[in-house]
Amino acid sequence: MNMSDRHLLGGVAGVIFEGEKRFDMVIRFDKTHQKSIDDLRNLYIDLPNGNQVPIKELADINFVLGPMQISRDNVFRRTYVGVNIRGRDMESVVKDIQQKLGAELNLPPGYYLIYGGEFENLQKAKNRLAIVVPITIF
62 MNMSDRHLLG GVAGVIFEGE KRFDMVIRFD KTHQKSIDDL RNLYIDLPNG NQVPIKELAD
122 INFVLGPMQI SRDNVFRRTY VGVNIRGRDM ESVVKDIQQK LGAELNLPPG YYLIYGGEFE
182 NLQKAKNRLA IVVPITIF
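Going letter by letter, the sequence shown gives residues 62 to 199 in our numbering.
Because the hints were derived from the structure by calculation, they are not lab data.
The structure displayed is predicted, hence computed values, not measured ones.
Each residue gets a CB set at the ideal place from its N, CA and C atoms; glycine is no exception.
Incorrect hints may appear among the rest.
To be verified - Below, computed lysine to aspartate or glutamate pairings styled on DMTMM-like, alpha-carbon distance capped at 20 Å: (1) K156 x E179; (2) K187 x D150; (3) K117 x D99; (4) K185 x E152; (5) K96 x D121; (6) K96 x D107; (7) K156 x E181; (8) K185 x D150; (9) K82 x D99; (10) K117 x D100; (11) K187 x E152; (12) K82 x D134.
As the list claims (entries may be wrong) - Distance ranges between label pairs, derived from CB positions: (13) I77 x K161: 39 to 47 Å; (14) L168 x Y105: 49 to 57 Å; (15) K92 x P170: 27 to 35 Å; (16) A74 x V154: 33 to 41 Å; (17) V136 x D157: 25 to 33 Å; (18) Y141 x A74: 19 to 27 Å; (19) Y141 x T197: 56 to 64 Å.
Turn these sequences into a full structure, and let the hints guide you.
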């Protein structure tokens with residue numbers, strides 16, 4: 062089964078754990094209901110009182126642009142934004158990004174930014190050198 066066939070058959074809705082094993086929980090429609098997003102919008106949901114309503118009355122179901130993948134660290138969702146730098150040093154670019162985001166980005170509670178990758182490695186190396194160089198000189 063290629064990736065496009067898998068996309069048409071359904072999507073991962075969660076993860077099931079059985080001991081140490083981990084399985085994706087996949088929601089799939091039968092072939093007669095795989096034709097349009099309206100099939101999902103008209104999916105009936107059971108209410109606690111026994112009645113049923115189409116999911117479109119409870120939620121907006123639309124295609125939207127979003128991250129290609131959302132990973133998790135423990136219970137926190139994580140996504141990456143990659144930057145290729147040409148003609149400047151990494152530290153000054155990250156400082157410019159931090160200033161711009163600090164001035165214009167108001168994250169809701171529970172959201173935070175981490176500057177990782179090569180920048181994180183650079184910071185760790187600078188911290189090690191700040192200890193090793195004075196000891197070596199002494």
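Hints violated by the structure (listed by number, smallest first): 6, 9, 14, 15, 19
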